[in-house]
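There are 2 protein chains.
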Amino acid sequence: MPKISQKGLRMPASPIRKLTPFADKAKLDGKKVYHLNIGQPDIETPAGMLEAVKNIDFNIWAYTASEGTLSYRKKLTEYYNKLGYSIDTQNLIVTTGGSEAITIAMMTCLDAGDEVIIPEPFYANYNGFASQGDVVVKPILSYIENDFALPPISEFEKLITDKTKAIIICNPNNPTGYLYTREELEALKTLCLKYDLYLLCDEAYREFCYDGREFISPMHLEGLENNVIVLDTVSKRYSACGARLGCLITKNKEVWTTALKFAQARLSPGMVEQIAGEAAVDTPNSYFEMVNAEYRSRRDTLVTALNNMEGVYCPTPGGAFYIVARLPIDNADKFCQWLLESFEYNNQTVMLAPATGFYSTPGTGLNEVRLAYVLNNDDLKEAMVCLEEALKVYPGRTN
Amino acid sequence: MPKISQKGLRMPASPIRKLTPFADKAKLDGKKVYHLNIGQPDIETPAGMLEAVKNIDFNIWAYTASEGTLSYRKKLTEYYNKLGYSIDTQNLIVTTGGSEAITIAMMTCLDAGDEVIIPEPFYANYNGFASQGDVVVKPILSYIENDFALPPISEFEKLITDKTKAIIICNPNNPTGYLYTREELEALKTLCLKYDLYLLCDEAYREFCYDGREFISPMHLEGLENNVIVLDTVSKRYSACGARLGCLITKNKEVWTTALKFAQARLSPGMVEQIAGEAAVDTPNSYFEMVNAEYRSRRDTLVTALNNMEGVYCPTPGGAFYIVARLPIDNADKFCQWLLESFEYNNQTVMLAPATGFYSTPGTGLNEVRLAYVLNNDDLKEAMVCLEEALKVYPGRTN
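Chains A and B, in that order, give the protein sequences.
According to the numbering used here, the first sequence is numbered sequentially starting from 1.
According to the numbering used here, the second sequence is numbered sequentially starting from 1.
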């Protein structure tokens, strides 16, 4: 029998999904499971986007240009220029979801053995994408006590070697919800220019910033044009995760030209999605106002409930729709599995993502979990009652 | 300024698209260009598939399971079992086009530095996918004089080293249209079992076999279950290239489990496409009868016209919708560019793909071109008149 590749053996299975079999069993036991473990929003996709799909008017479902249709890229340019990115259609490559934007950017910047620095906890699939290219992830710890702010630049400098080619940040952050400040981005700019590093910025959650706080992109920073690659997706912005429509943005012509070669190999992004994506740019502001008000209210529900529980702490995130909370537990993996397998309160339980899946440094995140606020406030309140009761009786409680 | 990766520098640009700027110029000159260079069919997508898109009935465009929806995988199982593949839903992973099926299969089987043997000429993007994984392609020549049949097994054996992990074939073949026989596949089976090699079979053109010839898949061969990975797509079968919907099929559980880890990293294939793909399986036979009759007639138009030209030769392909022809020319790249830039007949010209792009061995394919019969018979006849006239006056004509 032929052997699987070492790459395949090293490839991490999805940490977010590893509890799914236990969740399925919980359902079979008749328990109601509140799913706060994955980032699939319950918010409706804008009607205009779905209408565009229903109104398709072609007879041949054809390839588009590898970089995306000119029409969609023009429309995207409008969207980004309203945000002050100052780009044109030749700065964009349309991708199959944010995932493909990340893999293409990584292949463009990093060879096997090269190193990328990522503040942790970080989006778990960065590990998977790095494994695909035999790229080495150098994690750098951020701390819950500090709201998961950017680690000091001196800590980055300690990790830089001649193999270091890039830094990846996610802003607002998944899993912490942290929103980077202008000062933090300026500090990263100085660092990237000093060491000639790419700055890959995953902005999947750009639309979700709370409390009137300003969203700053490295695209806004002068002098960093050759270093910045923004990775984006419509998944969260329009609650359209299943559209698999994203894009890569760069003002570095060599990066764009190289990224296009990778895009050409896979021929084309989806045609119907680009039609839908074009319509999505015209989504009225009222949609985002409604969605932001809803998420903010859910965030407040969770933050209040969590911080009212004995021994629990979480910061108040400035963006995205995630919270990382510290719990009085021995081991988040065990606790999350126990919630599904061995606990119920009023025949209900809650599914959380152990934060261990978002840390790359062994032994970190053991007493942290990520909660995605993708359910309505009533459900969130019920879920928090479950969690509070669970913590009272969990055998591995630590204080 | 940060440096592009070596991977990116090595990555081949699409050979099929490199003439596009000259074609655009030809259009600007007011010449009509017959595009026989790319595999974008002019055949309509089945109405049922497009209706399924127009009739979507959901409010949240959500992720699906990483391996594809159970509903679509069930339907696909029906389709493949009618072909005698004897699979269940756990043998399938739904992918973003055939392209992703190929990259996932390659990552599952091959590490950086590993070798894959591919009979050439071959689908040019295999080179790109190999570059992405730093995999080494070992080409093995097939010959136009022999209809591009499978090279002798002894030639494969000469190339096998301890780094050889897999063989890739495309059946029916792009670019040659060659349809492999049962005997050829049995010979590959013996070889793969002897050396513990994976057999990756790209079956994008399965539906298009002519003259009553039988399509044989390695899925039909007993005893090869652990070695075979079939790579498929709806692109050509339903003329739905822009749907980016494919799948990977394997009976090797370890391959399936590992491939799923790569699929999980990118989260999900497209949701709307899977709905459309499910409807597509119910496409009536009359559609395929119509399409096959059309393609066969076009093939005959081209084969007859080409072989009637002085100094030109092409085999009669058993499948797909491509022909590789040998022309009395010095250099196919130059000739194809000259057709666009410097030639016109009745204010028309023709765009062909130089076969050099499908060969990996330097200096091969110089007097061959690939023609895709994706235009109607009248246009094909006009295009062949252009080609015949062009060959009469081309300055680099060789005999």
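One should not assume that every hint holds.
Stretch-level coverage of chain B by chain A, calculated; a stretch enters the list once three of its residues show a Cβ under 8 Å from a Cβ in chain A [unchecked claim]: (1) 9-15; (2) 128-135; (3) 384-395.
Straight-line C-alpha distance at most 25 Å; calculated BS3-like pairs for lysine-lysine [as the list claims (entries may be wrong)]: (4) K158/A - K82/A; (5) K74/A - K75/B; (6) K75/A - K54/A; (7) K3/A - K251/B; (8) K194/A - K3/B; (9) K75/B - K54/A; (10) K54/A - K54/B; (11) K3/B - K158/A; (12) K18/B - K31/B; (13) K189/A - K253/A; (14) K54/B - K138/B.
Cβ pair distances, simulated, as ranges [what the hints assert, rightly or not]: (15) D147/A - G84/B: 56 to 66 Å; (16) S297/A - G84/B: 38 to 48 Å; (17) K25/A - R213/B: 31 to 41 Å.
Derived from the structure by calculation, the hints contain no laboratory data.
If you're wondering where the values come from, they're calculated on a predicted model, not measured in any experiment.
The C-beta atom is built at its ideal place from N, Cα and C for all residues, glycine as well.
So which of the earlier hints does this model not fit? 3, 4, 5, 14, 16, 17
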